[in-house]
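A.B. asks: The lines below spell out each chain.
Number of protein chains: 2
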Amino acid sequence: MFELFEKYLRSKAAFTAEEMQQIEAVTTIKRLRKRQFLLQEGEVWTYNAFVSKGCLRTYSVDTKGAEHILTFAVENWWIGDLQSLASGLPARFNIDAIEDSVVLLIRKEEFDRLCQVIPALQQLVNALLHRSFLAQQNRIHTTISHSAEEKYRLFLQNFPEFARRIPQHMVASYLGMTTETLSRIRRNLV
Amino acid sequence: MFELFEKYLRSKAAFTAEEMQQIEAVTTIKRLRKRQFLLQEGEVWTYNAFVSKGCLRTYSVDTKGAEHILTFAVENWWIGDLQSLASGLPARFNIDAIEDSVVLLIRKEEFDRLCQVIPALQQLVNALLHRSFLAQQNRIHTTISHSAEEKYRLFLQNFPEFARRIPQHMVASYLGMTTETLSRIRRNLV
DNA sequence: CGATTCTTTGAAAACAGTCAATCTGTGTGG
DNA sequence: CCACACAGATTGACTGTTTTCAAAGAATCG
Numbered sequence: 001m002f003e004l005f006e007k008y009l010r011s012k013a014a015f016t017a018e019e020m021q022q023i024e025a026v027t028t029i030k031r032l033r034k035r036q037f038l039l040q041e042g043e044v045w046t047y048n049a050f051v052s053k054g055c056l057r058t059y060s061v062d063t064k065g066a067e068h069i070l071t072f073a074v075e076n077w078w079i080g081d082l083q084s085l086a087s088g089l090p091a092r093f094n095i096d097a098i099e100d101s102v103v104l105l106i107r108k109e110e111f112d113r114l115c116q117v118i119p120a121l122q123q124l125v126n127a128l129l130h131r132s133f134l135a136q137q138n139r140i141h142t143t144i145s146h147s148a149e150e151k152y153r154l155f156l157q158n159f160p161e162f163a164r165r166i167p168q169h170m171v172a173s174y175l176g177m178t179t180e181t182l183s184r185i186r187r188n189l190v
Numbered sequence: 001m002f003e004l005f006e007k008y009l010r011s012k013a014a015f016t017a018e019e020m021q022q023i024e025a026v027t028t029i030k031r032l033r034k035r036q037f038l039l040q041e042g043e044v045w046t047y048n049a050f051v052s053k054g055c056l057r058t059y060s061v062d063t064k065g066a067e068h069i070l071t072f073a074v075e076n077w078w079i080g081d082l083q084s085l086a087s088g089l090p091a092r093f094n095i096d097a098i099e100d101s102v103v104l105l106i107r108k109e110e111f112d113r114l115c116q117v118i119p120a121l122q123q124l125v126n127a128l129l130h131r132s133f134l135a136q137q138n139r140i141h142t143t144i145s146h147s148a149e150e151k152y153r154l155f156l157q158n159f160p161e162f163a164r165r166i167p168q169h170m171v172a173s174y175l176g177m178t179t180e181t182l183s184r185i186r187r188n189l190v
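Protein chains in written order, with full-length UniProt numbering: chain W, 1 to 190; chain F, 1 to 190.
Hint data in this document are derived by calculation from the structure and do not stem from the laboratory. Just so you know, not all the hints are guaranteed correct.
The list cannot tell twin chains apart, which means a pair is met if one copy fits it or any two copies do.
Computed list of lysine to aspartate or glutamate pairs in EDC-like fashion (alpha-carbon distance at most 16 Å, straight line) [unchecked claim]:
#, residue 1, residue 2
1, K34, E75
2, K151, D62
3, K64, E150
4, K7, E150
5, K30, E18
6, K108, E24
7, K12, E149
With these hints in hand, go ahead and build the complete structure from the sequences.
C.D. replies: Below, the structure written as structure tokens:
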């Protein structure tokens, strides 16, 4: 499974064979079955995680039991609770597998150490953070400026992959509406 | 006005006198009157901008003429269109002054060059991006998981400063609701 | 097949937006 | 200094959208 990660890394920057070995040395593989937790609210998240197969989600559960999905992650995406990672505090979010999945884990301390000695890795992380920032900004913008139907249209445009793989009630949760509303929107689209 | 910026920088990291001079050498001061544009939709944004006095907003205008505010920035905040800055494409957003303001500008090329030679500056930028990422994630989470009234409550909690300085119709726009709705929410709060 | 999850539907209620009017305070020009 | 214009906030009546609750139908999985 490390090969997929290696392929991803090489597509983003140039790494020497030795650097790649250093990375592989600290990478562990975790297989998750559908519905299995990678992180549960209240635990402390201490990894950087790369999805090499499958699909996961990050979400919270409110006082009424309703789930609110913050992110999805499929192959070649990173996932984790940066808030908990940075602060060392218990996570406010859950992460679980939507499909049977494989994630690669690197402990924070080891990842940070590698970033010190492998400039390409540090740059990759910075670039990733930068792109994520812009993606989040876009999401905020569409969220505050469009109707439920328009949000769904944009979601289909931007993430056709997600729309295919992810159950509708989760898409609804991601978009901040109920599953009934999304169902009715879909009825009116055709 | 550079002194305020210097104070901010020194509060975040250690800079030598020479480094500080290098920064000052590329910094220009721009004074803006209330309502004056710093950036208009369609222009290319090529700066990093630091607010040393006043208050500004980043917003878009939709096809119906409605404004949607993405961010506010007061003293010691950064502002700009990262999307346009990174891509070189015309900005989708406007930035203008809500109060008479003073911003410090550093051209992108010069800023990037300084980041190469001043590690503390590069680190500051990374830390800032990291914090902004988390802040945006929080905003997304509250936006998709709370009612209009709860969003306003949380806004008051998180940004009491903004609530004091910023006209209500702009707060409403930032929260993704109409000014009438916010007005009615406030009536029911007391 | 039976159980569970997922999606759809309907009816009623809650919520938020629209439009139009009024009220307030501020600042500007005469 | 006043009159006026203008930006901002509020209100009411109405419309439209979204949620809620309850139920039933479809799809999936062991």
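A.B. asks: Are the hints correct? Go through all of them and say.
C.D. replies: Do the hints match the structure? See the list:
no., hint, result
1, K34 x E75, "within (15 Å within a copy, 47 Å between copies)"
2, K151 x D62, "between (22 Å within a copy, 14 Å between copies)"
3, K64 x E150, "between (27 Å within a copy, 14 Å between copies)"
4, K7 x E150, "neither (36 Å within a copy, 45 Å between copies)"
5, K30 x E18, "neither (24 Å within a copy, 49 Å between copies)"
6, K108 x E24, "within (14 Å within a copy, 36 Å between copies)"
7, K12 x E149, "neither (35 Å within a copy, 44 Å between copies)"
Violation of the numbered hints given earlier is confined to hints 4, 5, 7; the remaining hints are satisfied by the structure.
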